[in-house]
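Undergrad: First to last, the sequence lines map onto chains A and B.
Every letter in the first sequence is one number past the one before it in the numbering used here, and letter 23, counting from 1, is 83.
Every letter in the second sequence is one number past the one before it in the numbering used here, and letter 73, counting from 1, is 86.
Rather than coming from a laboratory, the hints here were simulated on the basis of the structure.
Hints are supplied without guarantee of correctness; some may be wrong.
Stated by the list, open to error - Straight-line distance between alpha carbons at most 25 Å, and here's what the computed BS3-like set of lysine-lysine pairs gives:
1) Lys57(B) x Lys166(A)
2) Lys131(B) x Lys155(A)
3) Lys166(A) x Lys59(B)
4) Lys194(A) x Lys59(B)
5) Lys59(B) x Lys178(A)
6) Lys227(B) x Lys155(A)
7) Lys166(A) x Lys85(A)
8) Lys155(A) x Lys59(B)
9) Lys166(A) x Lys178(A)
10) Lys172(A) x Lys218(A)
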Amino acid sequence: MISFQSVGKTFARASAPALHDVTLKVQAGEVFGVIGQSGAGKSTLIRLINGLERPSVGTVLTDGEDVGALDAGALRALRRRVGMIFQHFNLLSSKTVAENVAYPLKVAGVPKAQIGPKVAELLARVGLGDQAHKYPAQLSGGQKQRVGIARALANGPKILLCDEATSALDPQTTEQILDLLSELNRELGLTIVLITHEMEVIRRVCHRVAVLDAGSVVESGEVAEVFLHPQHAVTRALVADAAGLGAAATPGALRLTFRGQATYEPILGRIARDTGVDYSILAGRIDRIRDEPYGQLQVSLVGGDVAAARERLSAAGVRVEEA
Amino acid sequence: MFANINWADIGQASLDTLVMLAGSLGFSVLLGLPLGVILFLTGKGKLLENGPAHAALSFGVNVLRSVPFVILLIVMIPLTMLLVGTSLGVAGAIPPLVVGAAPFYARLVETALREVDKGVIEAAQAMGASPRQIVFGALLPEALPGIVAGATVTAIALVSYTAMAGVVGAGGLGDLAIRFGYQRFQTDVMVVTVLLLLALVQGLQWAGDRLVIKLSRR
Numbered sequence: 061m062i063s064f065q066s067v068g069k070t071f072a073r074a075s076a077p078a079l080h081d082v083t084l085k086v087q088a089g090e091v092f093g094v095i096g097q098s099g100a101g102k103s104t105l106i107r108l109i110n111g112l113e114r115p116s117v118g119t120v121l122t123d124g125e126d127v128g129a130l131d132a133g134a135l136r137a138l139r140r141r142v143g144m145i146f147q148h149f150n151l152l153s154s155k156t157v158a159e160n161v162a163y164p165l166k167v168a169g170v171p172k173a174q175i176g177p178k179v180a181e182l183l184a185r186v187g188l189g190d191q192a193h194k195y196p197a198q199l200s201g202g203q204k205q206r207v208g209i210a211r212a213l214a215n216g217p218k219i220l221l222c223d224e225a226t227s228a229l230d231p232q233t234t235e236q237i238l239d240l241l242s243e244l245n246r247e248l249g250l251t252i253v254l255i256t257h258e259m260e261v262i263r264r265v266c267h268r269v270a271v272l273d274a275g276s277v278v279e280s281g282e283v284a285e286v287f288l289h290p291q292h293a294v295t296r297a298l299v300a301d302a303a304g305l306g307a308a309a310t311p312g313a314l315r316l317t318f319r320g321q322a323t324y325e326p327i328l329g330r331i332a333r334d335t336g337v338d339y340s341i342l343a344g345r346i347d348r349i350r351d352e353p354y355g356q357l358q359v360s361l362v363g364g365d366v367a368a369a370r371e372r373l374s375a376a377g378v379r380v381e382e383a
Numbered sequence: 014m015f016a017n018i019n020w021a022d023i024g025q026a027s028l029d030t031l032v033m034l035a036g037s038l039g040f041s042v043l044l045g046l047p048l049g050v051i052l053f054l055t056g057k058g059k060l061l062e063n064g065p066a067h068a069a070l071s072f073g074v075n076v077l078r079s080v081p082f083v084i085l086l087i088v089m090i091p092l093t094m095l096l097v098g099t100s101l102g103v104a105g106a107i108p109p110l111v112v113g114a115a116p117f118y119a120r121l122v123e124t125a126l127r128e129v130d131k132g133v134i135e136a137a138q139a140m141g142a143s144p145r146q147i148v149f150g151a152l153l154p155e156a157l158p159g160i161v162a163g164a165t166v167t168a169i170a171l172v173s174y175t176a177m178a179g180v181v182g183a184g185g186l187g188d189l190a191i192r193f194g195y196q197r198f199q200t201d202v203m204v205v206t207v208l209l210l211l212a213l214v215q216g217l218q219w220a221g222d223r224l225v226i227k228l229s230r231r
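Same shape as in the complex, but just chain B:
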C-alpha cells in the first residue's frame, strides 16, 4: 500500500512546510498589517485622507498581487540573495512568499478596518483622540476579529504557495506531492502528502475560527 513512501522524507517535507509557513506568515503579518492600516487611513473620507499616496500604494499592492507566484519566485532571486544570502531552500523561499502574501493580507486588513462602525471612530474623534490614539485605541481593537480571520485566510493561501517553492528547492509537502506523487505516478505519496496538507489547512482554519470567536464581543 505505502510501498513508495519514505517516512523520513515526509517528515522532513512536513517540517520544511511548517518552517516556511511560520516564517512567511510572521513577516507577512508584520508588513501587511501596517500596509493595510495605511491603505485604510489614506482612503477617501478617512482620518489621513491622501489621494495620491492611497492610489500609489493601492497600485503597488495590485501589481504584486497580479504577478503569478512562480514568476515572483524567479524575478525575486536577486533581492532574495540580498536579504537572506541565498535564493535556495527554505530560507530562499521565505522572501518571495512574504512579497506574495503581504499585499494580499494588507487588502484583508483594509477590508476588516472598513467594517468598523464609523460611529465608533466619530465618538473617538469627538473625545479629542489623535489619529494615532484612534488607530491603537479604537480601530485595531474593534477590527481585531477581522484581522485575525484575515491572517487565517493568508496562512492557508501560503500553504498552497509553498507547494510552488519547490522551484527554488525549498522542499515541503506540496513539492513532494508534485515531484513524486504527480511526476512519478506514486499515488500513495500523493495521497499521504495531500492528507497531511488537508490536516494542516483544517488545523489552521479551526485555530483561526476559535481565536476569532474568543475575540468577538458582539
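Here chain A stands alone, though its shape is the one from the complex:
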C-alpha cells in the first residue's frame, strides 16, 4: 500500500539529512507504527507519504503512485484518498464541528445535497452525533481529535496518517482514541500509519513497527518481537519505560518471555519443581500487545539442574534470554 525505497530527505540549510536511506513497506489493512525520539525524522517520514514533503532521493509509492513525481493536480487527487490527523488537531476554529467535517467534502466537489447526510453519518461514526453545531473551542481534546478523525475519513480514504495523534491527550483519552483507530482499521479495512514517541501507543494498536533514530530505521518488525526482544539501544531505551522491567539486572539473571496461551500456564512452577531449581522473580509484567497476552519475567535460577530447566522452558515455548 505504501513503500519507501532508499528514501532520503535533506532540508535546505540543514547540516544532516532528516531521513537517510529509509526502506520500508506498509501492507494494506495493517496498522504500522513509526516510533522515535523527537528529531528522529518521524514527521518528515509521514509527510512524505502524502507529498507534504518531497523526497530528495529515492521513491515513495503511495497507493501505487510515485508521490515525488506527481504534478499538483494529481497530488491533490491522491491526498483526497489519504486522510491525516494531527497532534494539535488543526481544526478550523471559525467553523462548527459539522462545517469542519464538511470542508473536505466541499474540497472534493461532493454535491451539496449529499454533504449534510454524509457529515451526520461521519459524526455518528466517531461518537459526536450531538456536537455538530459546537465550535472546536467548546470541545475537549478527545472530542477535537474525533472531529479530526471524522474529517480525515470524509472522502473514504484507504489510508489514514496519524501525526502524533494522541500526544496532546491524557492517558484515558489516548486509550479511547486508539480504540477508535483499531475499530476503524478492523471495520473499514483502513491502512493506518502512525508516528509516536510513546511505546504504549505502538503496543496497543500496531501490527508492525519501525524504530527511527537520527533519520534511519534501526529496527523494524512485528510489534511483539520488537517490543519484547529489542535489539538496538534506542529501541531498548524506548521499551524500558513502557515494559516496566528494570534496566539493571542481577548478574546471571534470565529474561523469560511467554506469549499467547503460555502466559497463563503454570510452566515456571512445574519446571522448577521437576528440576529442583529455586527461582526468584526480579521484575516482571503480564499484559497484552494488541489482543495477544504476554508475560515477561526477569528471574534468577539457583540450585538444581539449571541447564535442564532452561531446556524445558524453551521446549514449553518460553523464550529464554540472558537479561
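Knowing the structure of chain A, use the given hints to seat chain B on it.
TA: Just chain B, lined up with the frame of chain A:
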C-alpha cells in the same frame, strides 16, 4: 459660549467626513484585502511563494506608505481627474485617501493572515485543497477577526487623513477644525469639531470591537 458656531456648516462638514470615510474605506478594503492576500501568499514558504513578485509588491506598498498624505493628495491630482473627473471636493479626495489607506490595510491583512495557525493550512493541504480552496475555505475565515480589526484601524486612520483633505476643498470636520478653530482662533468651533471626531472614532472602535468579538470562535 458657541458664538462662532454655524450648525449648518457643522452638519455639512459631518456629512462630508462620513461620505469620504465610507467611500474611501470601502475602496481601501476592496483593494487592500486582495493585495494583502497576495502579499501573504507570495511570501517565503507560503502557498504561492514567489520572491520577485513579493519583493516588487512589498516595495510598491512601502513607497505609497512613505509618501506623506498631503503630498499624495497633490501628486495624485492628474490621476484623480482621470478617475472621478474632478480633483476637488469630496469626490476628489476619495482616490488619494484610497491610495493612502489601501497599502496600509494590505499590511494589516498580511499580518492577520500570518497569525493563522500553520497546522490548519497544512490540514487543508493534506485534504487535497487547491490554493484557491485554502484561501477561501480556511485562510480568510480563520483570519476574519484580524481582517475586521484591521479595517477598524484603517477606518480610524482615514478619519485623520480626511482632516487634510481640506487642501483639495473636500471639507469635513477636520478641515473645519483647522480653518476656523485653529487659523481663526475660534476655540468653540475647535472644541465642537474635535468632540464630534472623537465620537466618530469611539463609535468606529466600539463597532469594530463588537464585530471582532462576534466573529471570534476561539
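Undergrad: Keeping to a limit of 25 Å between CA atoms, is the pair of Lys227(B) and Lys155(A) held or broken?
TA: Measuring from Cα to Cα gives roughly 13 Å; hence the hint holds.
Undergrad: Checking one constraint from the list: CA of Lys155(A) to CA of Lys59(B), max 25 Å. Satisfied?
TA: holds, 23 Å
Undergrad: Compare the distance between the alpha carbons of Lys59(B) and Lys178(A) with 25 Å, and conclude whether the hinted pair is satisfied.
TA: violated, 32 Å
Undergrad: Given the hint that Lys166(A) pairs with Lys85(A), test it: the Cα-Cα distance must not exceed 25 Å.
TA: With a Cα-Cα distance of about 32 Å, the restraint between Lys166(A) and Lys85(A) is violated, given a limit of 25 Å.
Undergrad: Taking only the CA atoms, is the gap from Lys131(B) to Lys155(A) under or equal to 25 Å?
TA: holds, 16 Å
Undergrad: When you check the alpha-carbon spacing of Lys57(B) and Lys166(A), does it fall within 25 Å?
TA: violated, 28 Å
Undergrad: Is it true that the CA of Lys166(A) sits at most 25 Å from the CA of Lys59(B)?
TA: Holds, at roughly 23 Å.
Undergrad: Starting from Lys172(A), check that the Cα of Lys218(A) is at most 25 Å away, please.
TA: holds, 23 Å
Undergrad: Within 25 Å, alpha carbon to alpha carbon, are Lys166(A) and Lys178(A)?
TA: holds, 12 Å
Undergrad: Does Lys194(A) pair with Lys59(B) here, judged by a C-alpha cut-off of 25 Å?
TA: violated, 30 Å
Of the numbered hints listed earlier, those contradicted by the structure are 1, 4, 5 and 7.
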